[in-house]
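Chemist: Generate coordinates for the entire structure from the input sequences, incorporating the hints supplied.
So in full-length UniProt numbering the end of the sequence shown lands on 197, straight run, no missing numbers.
One or more hints might be untrue.
Computed spacing ranges between beta-carbons, pair by pair [stated by the list, open to error]: (1) P67 / A147: 54 to 60 Å; (2) L3 / D154: 35 to 41 Å; (3) K149 / K97: 26 to 32 Å; (4) G11 / N146: 37 to 43 Å; (5) A119 / N146: 19 to 25 Å; (6) G11 / K149: 36 to 42 Å; (7) S105 / T17: 43 to 49 Å; (8) L3 / T102: 41 to 47 Å.
Think of the hints as simulated: they come from the structure by calculation, not from any bench. We put the CB at the ideal spot given by N, CA and C, even for glycine.
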Amino acid sequence: MTLFTDAKITGDCTTSTLEAPSACVCRNRCFVDTQCLAVSITQAASVSKCHFSSSASVLTTVLITNPAFITFTKKRDACMPGFEAVGGFCYFFSADKVDFTTAKSSCPSGSVLAYPSSATQMADLVAYLKCNKSGMSDWWVDLTLNAGKWLWSDGTATTGANLGNSDDGACARLYANYELNDKPCSNTFRFICQYKV
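Modeler: Here it is as structure tokens:
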């Protein structure tokens with residue numbers, strides 16, 4: 001585990017808390033728990049307070065400076081420069097806003113426009129966005145309307161309250177509340193690219 005002094009996990013990424021007799025107990029508990037990816041610890045008198053995180057985004061989030069805490073994180077997945085590791089995938093988050101077609105052709109070599117087609121992958125991606133990209137919204141993902149069905153690029157079908165059936169919104173984006181929404185493919189948004197670790 002990697003130690004960060006004077007740093008803590010952001011509140012959005014904390015999944016549980018526990019009081020323990022020492023910081024070592026907190027660290028060891030996280031180390032043996034396969035779900036735990038990080039723990040922030042604060043010491044008060046004879047009690048340590050452990051703040052655990054099992055959110056995949058905690059491995060790529062920027063920790064908050066706080067001298068009252070120490071934080072241990074498990075090993076980060078290795079991604080190419082410019083990508084962030086989140087839940088078994090490496091993601092690239094564009095700074096530029098482009099139309100859907102340009103987004104599909106602008107992913108760095110070895111990656112494709114993101115298609116979080118499983119509930120777990122989508123949950124991990126949304127958790128990462130909430131912890132790390134909260135000031136940004138509207139991201140193209142590779143979800144399009146084909147013959148009246150919303151399909152991810154891997155062929156998986158999906159539905160959503162904010163996905164319509166008209167051809168004027170034949171492409172989908174993740175928007176400010178982290179839900180999918182249909183938009184004309186000519187609109188310009190940032191985009192997310194992915195590859196599997």
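Chemist: Work down the list of hints and note, for each, if the structure agrees.
Modeler: Going through the hints against the structure:
no. : hint                    : in the structure
1   : P67 / A147: 54 to 60 Å  : 58 Å, holds
2   : L3 / D154: 35 to 41 Å   : 39 Å, holds
3   : K149 / K97: 26 to 32 Å  : 27 Å, holds
4   : G11 / N146: 37 to 43 Å  : 40 Å, holds
5   : A119 / N146: 19 to 25 Å : 21 Å, holds
6   : G11 / K149: 36 to 42 Å  : 39 Å, holds
7   : S105 / T17: 43 to 49 Å  : 45 Å, holds
8   : L3 / T102: 41 to 47 Å   : 43 Å, holds
Hint check: no violations occur; every hint is consistent with the structure.
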